[in-house]
Amino acid sequence: MIRRSLIWGTLAAATMLTPAFAQDSTVRIVLNEEVDLLEPCMSTRSNIGRVTLQNINETLAFLDLRQGGGLQPKLAESWEQLEDGSWRFHLRQGVTFSDGTGFDARDVKHSFDRAMDPSITCEVPRYFGGMTIEAEVVDDHTIDFKADPQQPILPLLLTLISIVPEETPVEFVREPIGTGPYTLTEWTPGQRIVLSQRDDYWGETPAVTGATYLFRADPAVRAAMVATGEADISPSIAALDATNPATDFSYLDSETVYGRLDHSVAPFDDLRVRKALNLAIDREAFIGTLVPEGALLASAVYPPPTLGWNEAVEVWPYDPEEAARLLEEARADGVAVDTPITLIGRTANFPNNVEILEAVQQMLQEAGFTVQLQFYEVAEFEDLYSKPYPEGRGPMVVVAMHDNSRGDPSFSMYFKYASDGRQSGISDPKVDDLINRAQAATGDEREALWKELHAYLHDDVVADLLLFHMVGFSRVNERLDWTPTMATNSQLPLADIAFK
Amino acid sequence: MTSIDIIPDEPKPLVRFARMLWADKFALAAVLFLTLVLVLAVIGPTWLGEVAQKQNLRGRNAPPFEWERGWLWILGADALGRPLLARIVVATQNTMMVAGGAVFFSALIGTVLGLVAGYAGPRTGQAIMRLADVIMSFPSLLLAVVVLYILGPSILNLVIVLAITRIPVYLRTARAEVLEVRERMFVQAARVMGASPRRIVFRHILPVVLPTLMTIATLDFAFVMLAESSLSFLGIGIQPPEITWGLMISQGRQYLTTAWWLSFWPGLAIILTTLSLNLLSGWMRIALDPTQRWRLEMRGRRNG
Amino acid sequence: MMSFIRKRAFASLISLILLVVAVFFLSRLTGDPAALYLPSEASEEMRRQFREIHGLNDPILVQFGRYVWDLLHLDFGDSVRRARPAFEVVSEAFLWTLQLAVITMTLVTAAAIVVGSLAAFRVGGFFDRIASLTSLIGASAPDFWVAIVAIVVFSVGLGWLPTSGTGSVWHWILPIGVLFIRPFGLIVQVVRGSMINALSSAYVKTARAKGVRTRPIIFVHALRNAMLPVITVIGDQAAALLNGAVVIETIFGFPGVGKLMIDSILQRDFNVVLAAIMITAIAIFIMNLLIDLAYALLDPRIRY
Numbered sequence: 001m002i003r004r005s006l007i008w009g010t011l012a013a014a015t016m017l018t019p020a021f022a023q024d025s026t027v028r029i030v031l032n033e034e035v036d037l038l039e040p041c042m043s044t045r046s047n048i049g050r051v052t053l054q055n056i057n058e059t060l061a062f063l064d065l066r067q068g069g070g071l072q073p074k075l076a077e078s079w080e081q082l083e084d085g086s087w088r089f090h091l092r093q094g095v096t097f098s099d100g101t102g103f104d105a106r107d108v109k110h111s112f113d114r115a116m117d118p119s120i121t122c123e124v125p126r127y128f129g130g131m132t133i134e135a136e137v138v139d140d141h142t143i144d145f146k147a148d149p150q151q152p153i154l155p156l157l158l159t160l161i162s163i164v165p166e167e168t169p170v171e172f173v174r175e176p177i178g179t180g181p182y183t184l185t186e187w188t189p190g191q192r193i194v195l196s197q198r199d200d201y202w203g204e205t206p207a208v209t210g211a212t213y214l215f216r217a218d219p220a221v222r223a224a225m226v227a228t229g230e231a232d233i234s235p236s237i238a239a240l241d242a243t244n245p246a247t248d249f250s251y252l253d254s255e256t257v258y259g260r261l262d263h264s265v266a267p268f269d270d271l272r273v274r275k276a277l278n279l280a281i282d283r284e285a286f287i288g289t290l291v292p293e294g295a296l297l298a299s300a301v302y303p304p305p306t307l308g309w310n311e312a313v314e315v316w317p318y319d320p321e322e323a324a325r326l327l328e329e330a331r332a333d334g335v336a337v338d339t340p341i342t343l344i345g346r347t348a349n350f351p352n353n354v355e356i357l358e359a360v361q362q363m364l365q366e367a368g369f370t371v372q373l374q375f376y377e378v379a380e381f382e383d384l385y386s387k388p389y390p391e392g393r394g395p396m397v398v399v400a401m402h403d404n405s406r407g408d409p410s411f412s413m414y415f416k417y418a419s420d421g422r423q424s425g426i427s428d429p430k431v432d433d434l435i436n437r438a439q440a441a442t443g444d445e446r447e448a449l450w451k452e453l454h455a456y457l458h459d460d461v462v463a464d465l466l467l468f469h470m471v472g473f474s475r476v477n478e479r480l481d482w483t484p485t486m487a488t489n490s491q492l493p494l495a496d497i498a499f500k
Numbered sequence: 001m002t003s004i005d006i007i008p009d010e011p012k013p014l015v016r017f018a019r020m021l022w023a024d025k026f027a028l029a030a031v032l033f034l035t036l037v038l039v040l041a042v043i044g045p046t047w048l049g050e051v052a053q054k055q056n057l058r059g060r061n062a063p064p065f066e067w068e069r070g071w072l073w074i075l076g077a078d079a080l081g082r083p084l085l086a087r088i089v090v091a092t093q094n095t096m097m098v099a100g101g102a103v104f105f106s107a108l109i110g111t112v113l114g115l116v117a118g119y120a121g122p123r124t125g126q127a128i129m130r131l132a133d134v135i136m137s138f139p140s141l142l143l144a145v146v147v148l149y150i151l152g153p154s155i156l157n158l159v160i161v162l163a164i165t166r167i168p169v170y171l172r173t174a175r176a177e178v179l180e181v182r183e184r185m186f187v188q189a190a191r192v193m194g195a196s197p198r199r200i201v202f203r204h205i206l207p208v209v210l211p212t213l214m215t216i217a218t219l220d221f222a223f224v225m226l227a228e229s230s231l232s233f234l235g236i237g238i239q240p241p242e243i244t245w246g247l248m249i250s251q252g253r254q255y256l257t258t259a260w261w262l263s264f265w266p267g268l269a270i271i272l273t274t275l276s277l278n279l280l281s282g283w284m285r286i287a288l289d290p291t292q293r294w295r296l297e298m299r300g301r302r303n304g
Numbered sequence: 001m002m003s004f005i006r007k008r009a010f011a012s013l014i015s016l017i018l019l020v021v022a023v024f025f026l027s028r029l030t031g032d033p034a035a036l037y038l039p040s041e042a043s044e045e046m047r048r049q050f051r052e053i054h055g056l057n058d059p060i061l062v063q064f065g066r067y068v069w070d071l072l073h074l075d076f077g078d079s080v081r082r083a084r085p086a087f088e089v090v091s092e093a094f095l096w097t098l099q100l101a102v103i104t105m106t107l108v109t110a111a112a113i114v115v116g117s118l119a120a121f122r123v124g125g126f127f128d129r130i131a132s133l134t135s136l137i138g139a140s141a142p143d144f145w146v147a148i149v150a151i152v153v154f155s156v157g158l159g160w161l162p163t164s165g166t167g168s169v170w171h172w173i174l175p176i177g178v179l180f181i182r183p184f185g186l187i188v189q190v191v192r193g194s195m196i197n198a199l200s201s202a203y204v205k206t207a208r209a210k211g212v213r214t215r216p217i218i219f220v221h222a223l224r225n226a227m228l229p230v231i232t233v234i235g236d237q238a239a240a241l242l243n244g245a246v247v248i249e250t251i252f253g254f255p256g257v258g259k260l261m262i263d264s265i266l267q268r269d270f271n272v273v274l275a276a277i278m279i280t281a282i283a284i285f286i287m288n289l290l291i292d293l294a295y296a297l298l299d300p301r302i303r304y
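Chains as they are written, first to last, in the UniProt record's numbering: chain A, 1 to 500; chain B, 1 to 304; chain C, 1 to 304.
Note that these hints are calculated values from the structure, not bench results. From the three backbone atoms N, C-alpha and C, an ideal C-beta is built for every residue, glycine too. Incorrect hints may have been included.
Unchecked claim - Cut-off 20 angstroms, straight-line C-alpha distance, at most; resulting in silico cross-link-like pairs (EDC-like, lysine to aspartate or glutamate):
hint: 1; chain 1: A; residue 1: 430; chain 2: A; residue 2: 459
hint: 2; chain 1: A; residue 1: 146; chain 2: A; residue 2: 80
hint: 3; chain 1: A; residue 1: 275; chain 2: A; residue 2: 329
hint: 4; chain 1: A; residue 1: 387; chain 2: C; residue 2: 32
hint: 5; chain 1: A; residue 1: 275; chain 2: A; residue 2: 366
hint: 6; chain 1: A; residue 1: 387; chain 2: C; residue 2: 45
hint: 7; chain 1: B; residue 1: 54; chain 2: A; residue 2: 282
hint: 8; chain 1: A; residue 1: 430; chain 2: A; residue 2: 447
hint: 9; chain 1: A; residue 1: 275; chain 2: A; residue 2: 321
hint: 10; chain 1: A; residue 1: 430; chain 2: A; residue 2: 445
hint: 11; chain 1: A; residue 1: 451; chain 2: A; residue 2: 433
hint: 12; chain 1: A; residue 1: 387; chain 2: C; residue 2: 41
hint: 13; chain 1: B; residue 1: 54; chain 2: A; residue 2: 284
hint: 14; chain 1: A; residue 1: 275; chain 2: A; residue 2: 460
hint: 15; chain 1: A; residue 1: 430; chain 2: A; residue 2: 460
hint: 16; chain 1: A; residue 1: 275; chain 2: A; residue 2: 314
hint: 17; chain 1: A; residue 1: 387; chain 2: C; residue 2: 44
hint: 18; chain 1: B; residue 1: 25; chain 2: C; residue 2: 128
hint: 19; chain 1: A; residue 1: 275; chain 2: A; residue 2: 328
hint: 20; chain 1: A; residue 1: 109; chain 2: A; residue 2: 139
hint: 21; chain 1: A; residue 1: 146; chain 2: A; residue 2: 83
hint: 22; chain 1: B; residue 1: 54; chain 2: A; residue 2: 366
hint: 23; chain 1: A; residue 1: 109; chain 2: A; residue 2: 80
hint: 24; chain 1: A; residue 1: 275; chain 2: A; residue 2: 459
Said to hold, decoys possible - Over 12 angstroms on every C-beta distance to chain A, these chain B residues come out as not near it, computed from the model:
hint: 25; residue: 19
hint: 26; residue: 40
hint: 27; residue: 65
hint: 28; residue: 71
hint: 29; residue: 125
hint: 30; residue: 140
hint: 31; residue: 264
hint: 32; residue: 291
hint: 33; residue: 293
Excised from the complex, chain A in its bound form (with noise of 0.2 angstroms):
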């Protein structure tokens, strides 16, 4: 296969060096990430389903982010609440499967019941803690949910759920089948993943009638790669890069930089070191030096399109001397405030994470705490970062990055705020209370209270320290008719794709 590359190569190369694919309707797409797996219960994982959502395997429903057009049918046509609280879906009819099958109501059943199938370790599984749900075929076009306890956001869940053939076994496959309209044609490992279109899609055919995929780890390389023309799309380079207006888009990426704090040890279970924490931070001087121009204070876990964003929440300011005579009333309180806090990151997190932190350390110490730098590698870090939390710990702040692209606070809320919430620092009977209301309640009720618990958490529990949302940044070739969303960390769909 070496072999035959570079014999191909020799004979490829004068016309691989003259890029002229002005007339080339195929893409090549530079991703920072090997593509070592093709499952389609997998694409929850964002290296994934940059390729295989809604390119190979389709969903029943998806979350229209590029116009703001919320829950949008695909495979399925509609959907409605039961009676009994359970949701109905009529699905799309003449559709079928890249291998020829026709897709029906028993496809998405064995879809469902194969990603949550407990012998093999699909990523689904854990946006459906602590619930069960039963997949019911009714006819051909028709197929029922029965949640317990009742999912008001079920069709939103159900957009994580990539539809396969009913054929498909339970185990991980390396040729995945869908509804989609391109279909897996060749597949290096390590170098290039190639699709291209069908022709029996059911769908309106895209513009774009190929893709190939490449994988560059190094954010220059990337950049420098739709500049010379090997590449037309780099969904993620270095803001740094981000030079040429012409072909260079920022997007808020839906990830969120927070610094966990434990209230179970001292001081920070003291509200006035808490707030402390947080008046000692100056995030506006973060912004246009080493966080990205177009970055965004946080006032949440989760960014601001998502459901129940509570504007009249005010980011913390910058009050050096409120945070000094906090910890000064604290300390004369008895509160041990000069415990040494550790501040922990994880190495390579995201861009200028160390730079970033030591920058908090510093503002933190000016305000009088006493603060040491540890960064751990991925492993450690999770140890850390996830309970059971190390026992004998001292007082630690955890900065992470979360993403939620999902539009509901459910998928964050109950992980990080819940008494029993896997990353969780709190145990707050109120913050419980209103996250079990809310998962519960639909429509503007849900909404009020994802914004009664978006105050309450950050102006009276002070949860955390948080930091910002983060912007990414693209590198588009200037023929095509293409800007990066929100969801681009997690999908990219060829048909969004078009040409000038």
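Given the structure of chain A, go ahead and fit chains B and C onto it with the hints provided.
Here is chains B and C on its own, set in the frame of chain A:
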């Protein structure tokens, strides 16, 4: 090998070495630079420690050669607006400790084991060599992660990891030379005259092997620094706010195309140090070798 | 000689077993793969299931027994991360690395021997100074500098070469060019030093006295004698390349074994780590054997 000098007006050794150093201007510059590095390593942290940590987000990535900012900013500022010159000076101490420590211990252990492997019986030799094979094939990153997990990050552990991974090259080189040198006439003669194996190895064989090992060691200095910089990505060893030249290089990496000075100056410091060490070792090889010394003394006389 | 190789193969097998045992147990000390493979939000139940499926809940000795049993049946296990046989994943990558290492080291060896010998021929001369300085600077400069600057100049600026990836001979030029620099710098220095010694040794002088013309002196007598440390260092550098060139693979998107190994260590994909280490170790053992055979070839006095 070591002949007794019978020249009557032989100057004192120190004067003689100074003259030989004067004769080789490259070596002289190297010695001066290394002296400066050593001095900075000792006084750096106390002298500029505070300035090197003072952040100033407004002055971030300030370009070099802007005199109005003051001499500390002459090399520019890093991503947090800290003066690069001060940081390089302060980082000298840690850098010398890590790189010096790692190179010294790997060279020492590797050389001794190599001499033993070459001179001892085939069984011991074989055992040592196969152990070297194991170390050579053990990925240094895995070693680093294991050490990180079991012992936790510290400068000492970093030195241990780096030293272990560099042992095989000294070991194999020393042993290869011993295999050859031990067959030479003068070693055979010493053996016949009843010299002990230890004496033969350290008095007769080591001096022949040493120059090559020195060459490798000086270049390893750069290699170890750069390896340290890639390990710092993993959180082992040097943790900010502590600094080394390697850490500075890795922090400046992403700015290479927009603010080259962030990684250039610490890189230059590594290059200059490596270059100086190498020039010095090249000079020492000649100055310490009675059969080569004439090269410097001749030139010294010509120049003087 | 066959008996030497047989003995050596047996000793190397012991090394390999030692390596596998060490890596198996040490890698399992570095944390739970479930914590990395599953998202942080995954429940304890999901983690338990994951460990159950991959046999990570059993006592470690049971896991080891099972691994050895499978290995005896030439089954290296599956990659947890990639859901493919680990051996397949590693052998694909290793073939790329092997090609890169062989091509690079061949070029380096040829170039370094020529440049190093010429430099040694007139110590302190113009060519010597230039060759030494440039090779030293190259060898101590951070490799990512050279790589990124090369891309910026040759791909983005001049448009002569593709930035990265594979597919044509042109894609090989930049990675090989960048990989070339460090071993070249080191080996030039070792060749030079070793040649200076050899040229001043007794029998070269004898040859010279006998009136042998200049060129043959260098290349026949001296070089042969100087090669021992040189091939040792070549071996060390080749071993480093066989372990994978992580920075070059990362920047140029080259699908070699270095980045695979790093990713697998960080992802705790133990089967891939073990398979990668075994394959590279066998390659390194064979190379070391060839080097030892070369010693005997170069110097008939050497016995083992």
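Now for the hints, and whether the structure bears them out:
1. A:430 - A:459: OK: residue 430 (chain A) and residue 459 (chain A) at ~14 angstroms, within 20 angstroms.
2. A:146 - A:80: Holds, at roughly 12 angstroms.
3. A:275 - A:329: holds (12 angstroms)
4. A:387 - C:32: Roughly 14 angstroms between the alpha carbons, so the hint for residue 387 (chain A) and residue 32 (chain C) holds.
5. A:275 - A:366: holds (15 angstroms)
6. A:387 - C:45: At roughly 13 angstroms apart (the allowed maximum being 20 angstroms), residue 45 (chain C) and residue 387 (chain A) satisfy the hint.
7. B:54 - A:282: Holds, at about 16 angstroms.
8. A:430 - A:447: holds (17 angstroms)
9. A:275 - A:321: The hint holds at about 12 angstroms.
10. A:430 - A:445: With Cα atoms ~17 angstroms apart, residue 430 (chain A) and residue 445 (chain A) stay inside 20 angstroms; holds.
11. A:451 - A:433: holds (14 angstroms)
12. A:387 - C:41: holds (10 angstroms)
13. B:54 - A:284: holds (19 angstroms)
14. A:275 - A:460: Cα-Cα ~10 angstroms, so holds.
15. A:430 - A:460: Answer holds: residue 430 (chain A) to residue 460 (chain A) is near 11 angstroms, not above 20 angstroms.
16. A:275 - A:314: holds (14 angstroms)
17. A:387 - C:44: Roughly 9 angstroms separates the two Cα atoms, so the pair holds.
18. B:25 - C:128: Between residue 25 (chain B) and residue 128 (chain C) the Cα gap is close to 15 angstroms, so the pair holds against 20 angstroms.
19. A:275 - A:328: Roughly 12 angstroms between the alpha carbons, so the hint for residue 275 (chain A) and residue 328 (chain A) holds.
20. A:109 - A:139: Answer holds: residue 109 (chain A) to residue 139 (chain A) is near 12 angstroms, not above 20 angstroms.
21. A:146 - A:83: With Cα atoms ~11 angstroms apart, residue 146 (chain A) and residue 83 (chain A) stay inside 20 angstroms; holds.
22. B:54 - A:366: Between residue 54 (chain B) and residue 366 (chain A) the Cα gap is close to 11 angstroms, so the pair holds against 20 angstroms.
23. A:109 - A:80: Holds, at roughly 17 angstroms.
24. A:275 - A:459: Distance ~9 angstroms between residue 275 (chain A) and residue 459 (chain A) Cα, so the pair holds.
25. 19: With a cut-off of 12 angstroms, residue 19 (chain B) remains clear of chain A, as the shortest Cβ separation is near 49 angstroms.
26. 40: Nearest chain A Cβ is 23 angstroms from residue 40 (chain B), so the label holds.
27. 65: With a cut-off of 12 angstroms, residue 65 (chain B) remains clear of chain A, as the shortest Cβ separation is near 21 angstroms.
28. 71: holds (23 angstroms)
29. 125: holds (38 angstroms)
30. 140: holds (15 angstroms)
31. 264: holds (16 angstroms)
32. 291: Fine: 50 angstroms to the nearest Cβ keeps residue 291 (chain B) off the interface.
33. 293: holds (50 angstroms)
Against the hints set out earlier in the document, no violation occurs for any number.
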